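> So the protein sequences, as listed, match chains A and B.
Heads up: the first sequence begins at 1 in the UniProt record's numbering, then just goes up one per residue.
Heads up: the second sequence begins at 1 in the UniProt record's numbering, then just goes up one per residue.
Simulated from the structure, these hints should not be mistaken for lab results.
One or more of the hints may lead you astray.
To be verified - Cβ-Cβ distance ranges computed for the label pairs, FRET-style:
#1 A/Pro21 with B/Pro179: 39 to 47 Å
#2 B/Ala102 with A/Val151: 37 to 45 Å
#3 B/Gln163 with A/Pro21: 40 to 48 Å
#4 A/Arg79 with B/Gly121: 53 to 61 Å
#5 B/Glu183 with A/Gly182: 33 to 41 Å
#6 A/His176 with B/Ala18: 39 to 47 Å
#7 B/Pro116 with A/Ala100: 44 to 52 Å
#8 B/Tyr159 with A/Pro25: 32 to 40 Å
#9 B/Arg26 with A/Gly182: 15 to 23 Å
#10 A/Gly121 with B/Ala96: 47 to 55 Å
#11 A/Pro25 with B/Val180: 55 to 63 Å
In this text the structure is predicted, and so the values were computed from the model without any measurement.
Virtual Cβ for every residue (Gly too), placed ideally from N, Cα, C.
Protein chains: 2
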Amino acid sequence: MAKNVAGPEIERLIQLLARVPGLGPRSARRAALHLIKKKEQVLGPLAEALAAARDSVTVCSTCGNVDTRDPCTICTDPRRDNGTIIIVEDVSDLWALERASAMNCLYHVLGGTLSPLDGIGPDDLNIKSLVERISAGDGAKEIIIAVNATVEGQTTAHYITDQLDGLDVTITRLAHGVPVGGELDYLDEGTLTAALRSRTTL
Amino acid sequence: MAKNVAGPEIERLIQLLARVPGLGPRSARRAALHLIKKKEQVLGPLAEALAAARDSVTVCSTCGNVDTRDPCTICTDPRRDNGTIIIVEDVSDLWALERASAMNCLYHVLGGTLSPLDGIGPDDLNIKSLVERISAGDGAKEIIIAVNATVEGQTTAHYITDQLDGLDVTITRLAHGVPVGGELDYLDEGTLTAALRSRTTL
Ligand SMILES: [Zn+2]
Ligand SMILES: [Zn+2]
């Protein structure tokens, strides 16, 4: 925007909104204007929600999840099956699995994947805390490694499998296959091969 | 998201972010997580910027622009040509024209267009304040009606022209034509006809 059009508070708001993923500079302006117009309904409540999150959000010292309590809501939920721990790269993966509601178990958030090129080694991820957690023997029987099906993800999966060697747990990984609703034509050969190998009887 | 995954502060943040234009429910989750991770760099500053905007933003009683001062930065800028007032539907149009930097004049924001079907009549728009402003004779010589080229916009333009009848000002409107970079093939016939009629000598 040209200089001296709106007060510095509005300019600063636009700049910060442009740093929110999903909003670029253009949508940041549109968003700012909408928020200003909906001052009572949206802008005020959003300011308060952000301040509340800033003041209360913390990282779970057990599993690496983000929450407003430590240990987090999931780790302290007595209705969860603590016999299974799903290992994920990021909190967003934990949220995605929770939305699927397929399991009612515990998680461990690595906080990334091993990536020597980016200088990310085992000590930069929550791997030590994972090994300690499982060695402590708090009931885990199965560890599901649900990292992304990328090279880094698979390298990380192998490393974790090595670290858990000798502990009394079964280690599994997510099945490969055709995504639900996916068209074969658009899938890579690796996925198709895996889907064929793991074919099931109807 | 499934219930009881994250604290209520995070859930509320996601809900409010989903109401920001440009973010849907899915991107709101991603945005919330990013903000939480960038607590010091983005979440905190954004919370403060929103609170500052909430506390300071006001509508200019002269022109209808939003700013942190009334009269607004534009209305009080002594370097602006007060002989020309551009009439726009919305503050976003004012911002767009300012970005174009084509004029260095004053504005009048209507706050919408006449729309009998939606129950929006002249009293719902800043038309009375426009007529008063120009009747007061504070220097305006030309009124550029820069409303959208829609049916409602044009109806509003006609109504305003009638209201300003008898006042000592020239009323103009934006030229129709081919957008810069626009391909003729994609333009409607009305635009092409207008572009032909207003053709200029090279
Ligand atoms: Zn936890
Ligand atoms: Zn103003």
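> For every hint, state whether the structure bears it out.
Evaluated hints:
Take A/Pro21 and B/Pro179: their Cβ atoms lie about 30 Å apart, and the range 39 to 47 Å is violated. Taking the beta carbon of each, B/Ala102 and A/Val151 are about 51 Å apart, not inside 37 to 45 Å as hinted. Between B/Gln163 and A/Pro21 the beta carbon distance is about 46 Å. The supplied range of 40 to 48 Å therefore holds. At about 57 Å, the CB distance of A/Arg79 to B/Gly121 agrees with the hint of 53 to 61 Å.
Judged by the Cβ atoms, the range 33 to 41 Å given for B/Glu183 and A/Gly182 holds: they are separated by roughly 35 Å. At roughly 32 Å, the beta-carbon separation of A/His176 and B/Ala18 lies outside the given 39 to 47 Å, and the hint is violated. In this structure the hint that B/Pro116 and A/Ala100 lie 44 to 52 Å apart at CB holds, the actual value being about 49 Å. Taking the beta carbon of each, B/Tyr159 and A/Pro25 are about 35 Å apart, inside 32 to 40 Å as hinted.
Separation of B/Arg26 from A/Gly182 is about 19 Å and conforms to the stated range, judged on CB atoms against 15 to 23 Å. Between A/Gly121 and B/Ala96, the C-beta spacing of about 49 Å keeps the proposed range 47 to 55 Å intact. The beta-carbon spacing between A/Pro25 and B/Val180, approximately 20 Å, falls outside the hinted interval of 55 to 63 Å.
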